[in-house]
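S.K.: Based on the sequences and whatever the hints tell you, model everything.
In order, the protein sequence lines correspond to chains A and B.
Once you know that position 85 of the first sequence is 85 in the working numbering, the rest is easy, because the numbers rise by one and skip nothing.
Basically the working numbering = 1-based index in the second sequence + 1000.
Treat the hints as calculated values from the structure; they're not laboratory data.
Ideal placement from N, C-alpha and C gives every residue a C-beta, glycine not left out.
One thing to keep in mind: the hints can contain errors.
Between beta-carbon pairs, the in silico distance windows are [as the list claims (entries may be wrong)]:
{"hint": "1", "chain 1": "B", "residue 1": "1218", "chain 2": "A", "residue 2": "60", "range": "51 to 61 Å"}
{"hint": "2", "chain 1": "A", "residue 1": "89", "chain 2": "B", "residue 2": "1454", "range": "36 to 46 Å"}
{"hint": "3", "chain 1": "A", "residue 1": "46", "chain 2": "B", "residue 2": "1002", "range": "18 to 28 Å"}
{"hint": "4", "chain 1": "B", "residue 1": "1369", "chain 2": "A", "residue 2": "82", "range": "45 to 55 Å"}
{"hint": "5", "chain 1": "B", "residue 1": "1164", "chain 2": "A", "residue 2": "22", "range": "44 to 54 Å"}
{"hint": "6", "chain 1": "A", "residue 1": "22", "chain 2": "B", "residue 2": "1224", "range": "27 to 37 Å"}
{"hint": "7", "chain 1": "A", "residue 1": "86", "chain 2": "B", "residue 2": "1449", "range": "40 to 50 Å"}
{"hint": "8", "chain 1": "B", "residue 1": "1208", "chain 2": "A", "residue 2": "10", "range": "37 to 47 Å"}
{"hint": "9", "chain 1": "B", "residue 1": "1048", "chain 2": "A", "residue 2": "57", "range": "16 to 26 Å"}
{"hint": "10", "chain 1": "A", "residue 1": "85", "chain 2": "B", "residue 2": "1223", "range": "52 to 62 Å"}
Result set (DSSO-like, lysine-lysine): computed pairs, CA atoms no more than 30 Å apart in a straight line [unchecked claim]:
{"hint": "11", "chain 1": "B", "residue 1": "1032", "chain 2": "B", "residue 2": "1373"}
{"hint": "12", "chain 1": "B", "residue 1": "1032", "chain 2": "B", "residue 2": "1378"}
{"hint": "13", "chain 1": "B", "residue 1": "1373", "chain 2": "A", "residue 2": "80"}
{"hint": "14", "chain 1": "B", "residue 1": "1216", "chain 2": "A", "residue 2": "80"}
{"hint": "15", "chain 1": "A", "residue 1": "80", "chain 2": "B", "residue 2": "1032"}
If you want the building blocks of each chain, they are given just below.
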Amino acid sequence: MPIIRRQWTAAEADEWTREDWITIVISPLCYIAMTVGVALSVLLLWEGFVLLISSIALTVLMHWIIDPKLRAVSTEYETKQQDYLRELENNVRWQTTDKESP
Amino acid sequence: MIVIFSFLDWFWVGAFLLLMIGSGILFYRLGKRSSSDFFLAGRGLPWWLPASSVYATHTATDTPMWITGVIYQHGLAGIWYTFFSAWGAISSFVSTRIFRRSLAYTQAEWNVVRFSGLGSELLRGWMAGWQFFMNMFVLGWVGIAMGKICEFLFGWPTWIGLIAFSLVCAVYVLAAGYWGVVMADFQQGLIAFLVIIIVSFWGISEAGGPSGIIEKLTALGELDRINPFAFTGWWSGSFPTAWFATMLFIAILGGFGMGTSIDWYVEAQRIQSARTVRDASYSIWWGTLLGLVRNSVWAVSILAFFVLFPGLTSVEEYEMGWFRLGFDYLPAGMLGFFFAAILAIHLSTISSHLNLGALYATRDLYQHYVNPKASQEKLIVVGRISTVILLFGSFFYGLMMEDITSWLIFALWVMAAGIWLPNILQVVWWRFNAWGYLSAWIANLGFSWLVVWILPELGVIPELLDYQQFWLLMALGAVVFLPVTLFSEPEDMDHLVRYYIMSRPIGWWRPVRREAQRRGLLTASGDLNGISESALLKGNF
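M.R.: And the structure:
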């Protein structure tokens, strides 16, 4: 099994997995590196260029990891959305759905 | 300073205002199709449109004033003050994903999706009312910032800048609702970003370029200002490392929750307007990133301003620094373009908060509590009336505000400190309930006034630094909401199972997940066990 999984079934993508946690770690690092990197690069300091390039590389890596999963989640969820929206409209109008016995 | 505009300058301003009003007219038909269109653009936007709206909305007229203030005081280290928006880093892939799956129009509505019973309804009403007034409040403080800028530039009384441009903005918000907001935001975001880059680099160039700034800072004995990690010690001074660490903690871990930043409530609308979960995630991630890049460029231009005008001590004087770079140094003919960009910055924020406040009033207050059977046409009319009420209310608020920075910081505290942890717990902990959350909100309102204003004034406690206030307010809040949660009943398990299946939240949800599996709704691997979604929603299991 590969370290980073890039093929997902809809149900598998719904679970929180290693790919999500790696993204959760990388994403703030991208922001920190980009914030400092841009400022120091505008000042033409070499540390800035190193951080800026690192943040771009991290951004590409993060999307490579999470994008297949987000696509799978989205594709699966959109098929259910209409049902959920109907429920939401019932709720706002105080209309209850008919409950049958379990 | 008084700026004199040429014909070309006024041409830029006039053309921009026509473009914005044109957006309203162009998208009028789309906006009036349904309340979903008027408030969420029909939930059909590709990620880059809400992303540009995230960026444009959070580039307000007071933003460069505030950023100028902290960078002028602390040098590049002050950039961490602006880092609170980095909650988007984790939120984009966690709470944004969970919230988008709930389909709730607003954060207030999300309360009845996540919680159940009377507590959830109280929360919905409370949050909707709070957000209606909070949006009015934001409109007021952004509006008065525009008033100050117009006074600074043209010598106009502040009320003119406060009122005149918000009225123009109201035209396209009233006409096209969120369609008008998001389409105008896209243009405004482009214009604003372009002009921020031009003015900032112009200012840097006037200061002698990057090397000139460093040379002048060295000569002033202020070279530490280019170090983003130059703090005033671990615990003491005006900007200690403890505050930096607290800011990172608040911003980054806050992404697991909903509402940990005041900006979340605006972003929630953008998240729901995205056409898929993936589009919602990217809209928040890229919109936030663009804002951070903007802050960094701004920060360096403020260093340029510092070397051009060192030693300013009056906040009123130096917080206008970035605007001065533009109006002092841009050539004639470009001044109007710069002012049009300031209008873009202003209108994008005003329009978003007008539409968002109207959404809470219409969806959560009017439709849910006053007229549940309202037709789509009626809801749009109510949306427009709410927009007008917000507009005039904001004029009242704006004229009451004098010190933008202290209000901004206090408002952020009221929204963030004592409910920061509950905002995360509601997402990640199944046992956290509506009563715990409601108690946290009420307690926080009292505690924040006490800790920030009243107790220091009475000499009961010393005046605390910002980061100390945060930890104290968080601890005081926990003393209230944890017992309330644990001594009250958990949410109804049927409701929690439905929420779990729909939103798939992260964190401590094992009892709910086990119950879903026991009922045959999930297999051990997590997939739906052949149960149709409609059966699930109707509770047929």
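S.K.: All the hints need checking, so say for each whether the structure fits it.
M.R.: Here's how the hints hold up against the structure:
Taking the beta carbon of each, residue 1218 of chain B and residue 60 of chain A are about 37 Å apart, not inside 51 to 61 Å as hinted. Separated by about 44 Å at the C-beta atoms, residue 89 of chain A and residue 1454 of chain B satisfy the suggested range of 36 to 46 Å. At roughly 43 Å, the beta carbons of residue 46 of chain A and residue 1002 of chain B sit outside the given window of 18 to 28 Å. In this structure, residue 1369 of chain B and residue 82 of chain A break the distance hint of 45 to 55 Å, their C-beta atoms being roughly 26 Å apart.
Between residue 1164 of chain B and residue 22 of chain A the CB atoms are about 50 Å apart, so this pair conforms to the stated range of 44 to 54 Å. About 36 Å separates the C-beta atoms of residue 22 of chain A and residue 1224 of chain B, a value consistent with the hinted range of 27 to 37 Å. A beta carbon spacing of about 43 Å between residue 86 of chain A and residue 1449 of chain B agrees with the range 40 to 50 Å that was offered as a hint. Between residue 1208 of chain B and residue 10 of chain A the beta carbon distance is about 58 Å. The supplied range of 37 to 47 Å is therefore violated.
At about 22 Å, the beta-carbon gap between residue 1048 of chain B and residue 57 of chain A stays in the expected band of 16 to 26 Å. For the pair residue 85 of chain A and residue 1223 of chain B, the supplied restraint of 52 to 62 Å holds, since their beta-carbon distance comes to about 58 Å. For the given pair, residue 1032 of chain B sits about 18 Å from residue 1373 of chain B by alpha-carbon distance, which is consistent with the 30 Å threshold. For a cut-off of 30 Å, the pair hint linking residue 1032 of chain B to residue 1378 of chain B stands: about 11 Å separates their Cα positions.
For a cut-off of 30 Å, the pair hint linking residue 1373 of chain B to residue 80 of chain A stands: about 25 Å separates their Cα positions. Using a Cα cut-off of 30 Å, the hinted pair residue 1216 of chain B and residue 80 of chain A is violated, with the two alpha carbons roughly 61 Å apart. The straight-line distance between the Cα atoms of residue 80 of chain A and residue 1032 of chain B is roughly 26 Å, inside the 30 Å bound, and the hint therefore holds.
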